[in-house]
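*Asks:* Taken in order, these protein sequences are the chains called A and B.
Quick note, the first sequence lines up with residues 2 to 395 if you use the numbering used here.
Quick note, the second sequence lines up with residues 1201 to 1498 if you use the numbering used here.
For the record, the hints were derived by calculation from the structure and aren't laboratory data.
Fair warning: there could be bad hints in the mix.
[As the list claims (entries may be wrong)] Computed list of lysine to any residue pairs in SDA-like fashion (alpha-carbon distance at most 20 Å, straight line):
| no. | chain 1 | residue 1 | chain 2 | residue 2 |
| --- | --- | --- | --- | --- |
| 1 | B | 1291 | B | 1306 |
| 2 | B | 1443 | B | 1417 |
| 3 | B | 1288 | A | 177 |
| 4 | B | 1329 | A | 213 |
| 5 | A | 394 | B | 1266 |
| 6 | B | 1291 | A | 191 |
| 7 | B | 1210 | B | 1288 |
| 8 | B | 1288 | A | 207 |
| 9 | A | 380 | B | 1289 |
| 10 | B | 1289 | A | 394 |
| 11 | A | 385 | B | 1414 |
| 12 | A | 381 | B | 1464 |
| 13 | B | 1336 | B | 1353 |
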Amino acid sequence: MTILGPILMAALFIVPTYLSMRGLETQQIVVSEKGNLFSEKLEDNEIVQFSKIPEMETERLKKNFGSSPYYALLIISDSNSQNRFTIYSSQHISLSVKNNIESQISKINERKKLEEADIDIEILNSLFSEIEIMSVIIDEQGDESKGSSEMSSAIGFITAFLIYLFIFMYGSMVMRGVIEEKTSRIVEVIISSVRPFQLMMGKIVGVALVGLTQFVLWILLTYSIASLFEVVFMNSNNQSEIITGILSSVGQINLSSIVISFLFYFIGGYLLYSSLFAAIGSAVDTESDTQQFVLPITIPLILSLVMIEPIMSNPDGTLAIWLSIIPFSSPIIMMVRLPFGGVESWEIIISAIVLICTFLSTTYIASKIYRVGILMYGKKNSFKELIKWISYKD
Amino acid sequence: MDNHILKANKIVKQYGDYFALNNVDLSISRGSVFGLLGPNGAGKTTLMRIINQIIAADSGEVLFNGVPLNRKHISQIGYLPEERGLYKKMKVGEQSLYLAQLKGMSRFEATNKLKYWFEKLEIQSWWDKRIEELSKGMAQKVQFAVTVIHNPELLIFDEPFSGFDPVNTALIRNEILKLKKQGTSIIFSTHRMESVEEICDEIALINNGETLLQGEIINIKNNFRNNIFSVEMKTEIDNLSEKFTILNKKENILEIKIQEGSNTKELINELLQKSDIISFNEKIPSMEDIFIKTVSGE
């Protein structure tokens, strides 16, 4: 997975681009029309290239179309019937070619009708012009900076989703590791050398390091594969323009504070959830028994994920503030809010303190369950029993 | 210096209302093989876990070489739990090294020691195999090597022979006896009474969290002698005087209990009056008899 992951990720970017580029073979279309009404205005582009033939040659070409170099033959009759436009080809024509011709014809038709009705096209165009609102953020000193809510949303969503993904992936990796040690029965051999708490924390820290390594590797590999592809296949000028564009809007957001917060909430959220996952792993004999215990843990995680969109539309509302303080949702929700810049520093401090306190206590509780659970075999345990274990003396 | 490697005083371990161990005392002589016996659920495993510091006793103390048990003693104890196993996907050599290092050995020392033990158990060719590729018996050999690798003063074996065929059982038993000769003290827990008589010097019998019996096997057996003799006569005998009770009779082989106030001499005299004696043996109770008798509370 470590190596395969970034390759798959990069493939996700590369394959669609590559395929769409391959499809860009310009098709030759022959047009036959009495007069010049449409054929004159049909424009060549990347997808289609038009050439006109005299009308009398049409029938001959139609008969021998298979051996002609053309992709399709477009016949425009002068009647006003529905079948005024017909396209002949030796195979099914591609959707992009059909759409391209259709849109061109309907545009020509539209203009013709407008001219007939004596409507000025310039006026009409001005009616449909797009309006863009520029957002500017004024800080306490009255300095203005260009804001980009799209960029904030994107960063918020990506970081929040990454945290969700990592908590889930590596949390259940911890759980599976604990179950494996239990079912293979090595656990009692090991805890005759180390304390159960050491074994549990070792597992949690170990998986976290695996996670971070994979994460860094993924980013580096994905980036390098994607940029290698860029250099080899794409028009690089065009690309770097886009990147400079992105960077300039990112520049408006306090990037370093987001990176630090991301690492903090990533580690804090992971420690909080993975200790619970470890406790569950210790209480069951097989992975299929985990269902009833995992559900209550995943609900707050999934709920936070669902809340991302409402929070984005109102990043500083009461709901957003509460969810970014409650430790079970704060790692995800705080990352959504931070790029919008409206988070007060006291909120971050409270959220961080609550998160630290909570993961310390969940780790403590989890270790109590863990040390009893790993030595219990062949018994289906309920929540009630897990809670009872917490009070057992060492 | 005290001649006990391990002493446990009044160990109590409670789970809710249930007493897994209730004031258990234990003294294990240095260099002996100590049989820890008892039916399922008697508290043997709990006791062994306490000695290994996997769990802590609610009250009471365990002394190792006269010192209260602490984390330093981990490297001086080797434990082969009944519920045992190894990482299935890891290579044999790799994880043996890992487990040896957990016991405080250096990598170099562990490698040398492992090579020695792997050769002894004839498993050196498995170094690069994964545990999942081995049979259960093969994996047990690796597990045994890992348990004894760090040369502990005290070895604790919980059902060490389970999963072994008779050939390998003999191999492991000989290794255990060799370790004993080298001065290692051994706690040995099993249900197989025949191996107890073969290997153990001392035993403790635990049931329902309490020690029922403890001491040297010879003394315990002597205490359980109950004046029953097995006699083979030349001809069948039907009755004896009131001083003797015939417990069992199969043609001319009899089991006779000598009642209080009489002795073997009187029995032999009486028997000789009736017929010739072919053989005359005291019926010494086996550990199995003692076990069943004690546990069922007779």
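*Asks:* Compare the structure with each hint and give your call.
*Replies:* Here is what the structure says about each hint:
Simply put, residue 1291 (chain B) and residue 1306 (chain B) have alpha-carbon atoms about 19 Å apart, close enough for the 20 Å limit, and the pair holds. The hinted pair formed by residue 1443 (chain B) and residue 1417 (chain B) fails the criterion: a straight-line CA distance of about 30 Å is larger than 20 Å. The suggested pairing of residue 1288 (chain B) with residue 177 (chain A) holds, with an alpha-carbon distance near 14 Å, which does not exceed 20 Å. For the hint pairing residue 1329 (chain B) with residue 213 (chain A), the CA-to-CA distance comes to about 30 Å; that exceeds 20 Å, so the pair is violated.
Annotation: proposed proximity of residue 394 (chain A) to residue 1266 (chain B) is violated, straight-line Cα distance about 25 Å (limit 20 Å). A hinted pair counts as satisfied when its Cα atoms are at most 20 Å apart, and residue 1291 (chain B) with residue 191 (chain A) qualifies at roughly 16 Å. The hinted pair formed by residue 1210 (chain B) and residue 1288 (chain B) fails the criterion: a straight-line CA distance of about 39 Å is larger than 20 Å. The straight-line distance between the Cα atoms of residue 1288 (chain B) and residue 207 (chain A) is roughly 19 Å, inside the 20 Å bound, and the hint therefore holds.
Straight-line distance between C-alpha atoms of residue 380 (chain A) and residue 1289 (chain B) comes to about 26 Å, which puts the hinted pair past the 20 Å bound. About 34 Å separates the Cα atoms of residue 1289 (chain B) and residue 394 (chain A), which puts this hinted pair outside 20 Å; it is violated. Note on residue 385 (chain A) and residue 1414 (chain B): the hinted pairing is violated, with a Cα-Cα distance of about 39 Å set against a maximum of 20 Å. Simply put, residue 381 (chain A) and residue 1464 (chain B) have alpha-carbon atoms about 59 Å apart, too far for the 20 Å limit, and the pair is violated.
Proposed proximity of residue 1336 (chain B) and residue 1353 (chain B) is contradicted: the alpha carbons are some 28 Å apart, above 20 Å.
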